[in-house]
Amino acid sequence: MTFPGKLSDLKRCFQGVVPSIITTSDGQGVPNVTFISQVHYVDDRHVALSCQFFNKTRRNLDENPLACVEVWEPVTLQAYRLHLRFLRSEKSGPLFDMMALRIDAIASHTGMSGVFRLIAADVFEVKSVDVVEGFLVELPADAGAEPVSIEGLRSEVRGLQFISDRVNRAPDLETLLLNVLEALEEYFQFSHTSVLLFEEASQRLVTLASRGYGESGVGAEVAVGHGVIGTVARERRVLRLTNFEADLHYARAIRREAEAQRGRDALQMEVPLPGLPDAQSVLAIPLAIGDRLIGVLSAEDRDPLRFGEWHEAYLEIVGNQIALGIDRMLNRPEDNVEQAEQNEPARPVPAFKPAPAGTKRRMLTFYKSDDAIFVDDEYLIRNVPARILWKVLRESRRTGRTEFSNRELRLDAWLGLPPVKANLESRLILLRQRLREKCPDIEITPSGRGRFSLRTCPEIELTER
Amino acid sequence: MTSNPGIASDRIQAALETGTSIFVGTIDVNMSPLCCRAIALRADERLETATVYVPISTSRDTLCNLATTRRIAVVVTKPIEHISVQLKGTSRTARLARDDEEAFVRSRLDWLAEALDRIGVPRRVTRSLAHWPAFAIEMDVDQIFEQTPGPRAGTRLR
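Each protein sequence line maps, in turn, to chains V and E. Going by the working numbering, the first sequence opens with residue 1056, and the numbers climb by one from there. Going by the working numbering, the second sequence opens with residue 3, and the numbers climb by one from there.
To be clear, the hints were calculated from the coordinates, so they are not data collected in a lab. One should not assume that every hint holds.
Claimed, not checked - Calculated cross-link-like contacts (lysine to aspartate or glutamate; reagent style EDC-like; alpha-carbon spacing at most 20 Å): (1) Lys80/E to Glu1312/V; (2) Lys1423/V to Glu1516/V; (3) Lys1111/V to Asp144/E.
Stated by the list, open to error - So these bits of chain E aren't anywhere near chain V, every CB distance computed over 10 Å: (4) Glu19; (5) Met33; (6) Ala45; (7) Glu83; (8) His84; (9) Gln88; (10) Arg94; (11) Ala115.
Think of the CB as a built atom: it goes at the ideal place given N, C-alpha and C, for glycine as much as any other residue.
Given these sequences and hints, build the entire structure.
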């Protein structure tokens, strides 16, 4: 039966949750049937298919432009047959870039950049669409409309207003990040989120806040261009992956084949994904102002259909708000910051909970060659935040001081803070979070704008190597 | 290009195992291709002939194509590992599957449900796929190709 609706009514079929299948034939009429990784909706008359290998399908299309693609609605599992005519291959441009982003991210994640890549976006005219009648004996019991979009439309304006308000009111970067992640859970039910900030000097993204994970992952790093998050950062474009695990299975199958042919050493290592080990959906949003990268906001879920097209478009706007808020915090003019730091009265510092009696002695070791601190042989932190901690611990040990100012950190050449855009606040947030998780016997607590208190339990030994 | 005998043998064996996902491709007289999901494949050990079972409810056009062109391609995939082979050949006959074949077809759907359940597709969903009554398409397998995604895809195995 001919499908009575528009192609756009079938958009969920193109999310890649259930792999699609294509049949072509050569000029002699010999059919060829194979899976395809992406059927991309272009408009109501056109789709584009991903061409990743110069394979039989590609050669067949040059001999006979007709093709049939079977797609499945991921919730109802109803099948549809698209009767297509091949029009052209696009090897650059917006359509190519959009389709390549997803493949590049998966390839980078599985260590196959350059091996698993989009060669072309093959554009087809959709001649007709048939509903495959009788495909299912009975519909799955939970088949139904997509609830996410409806809920999304309801809270659209309120959500934007709420997040903007929280971004604008946040007194410091730490509060801003926590508020944003809390708002995303409250308004969008995004339960597993994290914010990574871009460090220009190292060209890496560092996790500065997260929500919904057993262990926060704060401090976890990813290089720009590596894995899903690194690819989003490099390309400065939103990426929504549905059925992520299936994509990884597919890519790993290709990796196995490539290894068998070229050897294991010819490929890069797979990039471990910070976050849920069994994520089925990933939505990664670049936080950027113009071309300037601020960071990446990442959300994950175990539901393969958790993030819809609506989220992708709408959260791009939310991402812009967040990027502006973070940038405002990170780039306050140094003079203003220092002036405000000096003028603001001291804040009451919450009571320090000393380690219970009998707690073992903690040994902190600063490894000069690695620029890193370990607590009782467990990694704590490295680079600038490590040097900050080491400086204040030594100073406190030497003089008995427990109050410190951001200003003195900025002036200490040993810390290696850049003269402009020092991002000191983000480094202190990272340090505080890591201490909370790995060494609660040491606390660095804000005691006023630009000031902080150091509190430690007495049983701490410092060693430098 | 042909593969080495070891790989060819492994791949052919994989195609005959349980828990595989099967699709049939055919073409009409106007060179217009068509896809159809199959439920089961039965073959001799060397895969020289095979019988593919397709649900009656979804395969009317496939049967029409075979009646006129006889050309058929069958892709068999292990869904977890993505190991795939493609059989190409000609149909000898397409007939209504017999009652004594029903248990075999149903068991193959059950195995597929087990395999897909391991990658998150609930068994009840797979079992809701139309599968019986079915047509049995008997074919001569002329060629077998590697179809596992990757650089060797398209290599002729036999």
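Verification of the supplied hints:
About 15 Å separates the Cα atoms of Lys80/E and Glu1312/V, which keeps this hinted pair within 20 Å; it holds. Between Lys1423/V and Glu1516/V the CA atoms are separated by roughly 17 Å; this keeps the pair inside 20 Å, and the hint holds. Note on Lys1111/V and Asp144/E: the hinted pairing holds, with a Cα-Cα distance of about 17 Å set against a maximum of 20 Å. Even its closest Cβ contact with chain V, about 16 Å, leaves Glu19/E beyond 10 Å, as expected for a residue assigned away from the interface.
Against the 10 Å criterion, Met33/E falls within the reach of chain V, whose nearest CB is about 5 Å from its own CB. Ala45/E, annotated as away from the interface, keeps every beta carbon of chain V farther than 10 Å; the closest lies near 17 Å. Not every C-beta of chain V lies more than 10 Å from that of Glu83/E, the closest at about 6 Å, which undercuts listing it as non-interface. Against chain V, the non-interface label of His84/E is violated: not every CB pair exceeds 10 Å, the least being about 3 Å.
The Cβ of Gln88/E sits about 7 Å from the closest Cβ of chain V, inside the 10 Å cut-off, so the non-interface label is violated. Separation of Arg94/E from chain V is adequate, the least Cβ-Cβ distance of about 17 Å exceeding the 10 Å criterion. A cut-off of 10 Å between C-beta atoms confirms that Ala115/E is not in contact with chain V; the least separation is 13 Å.
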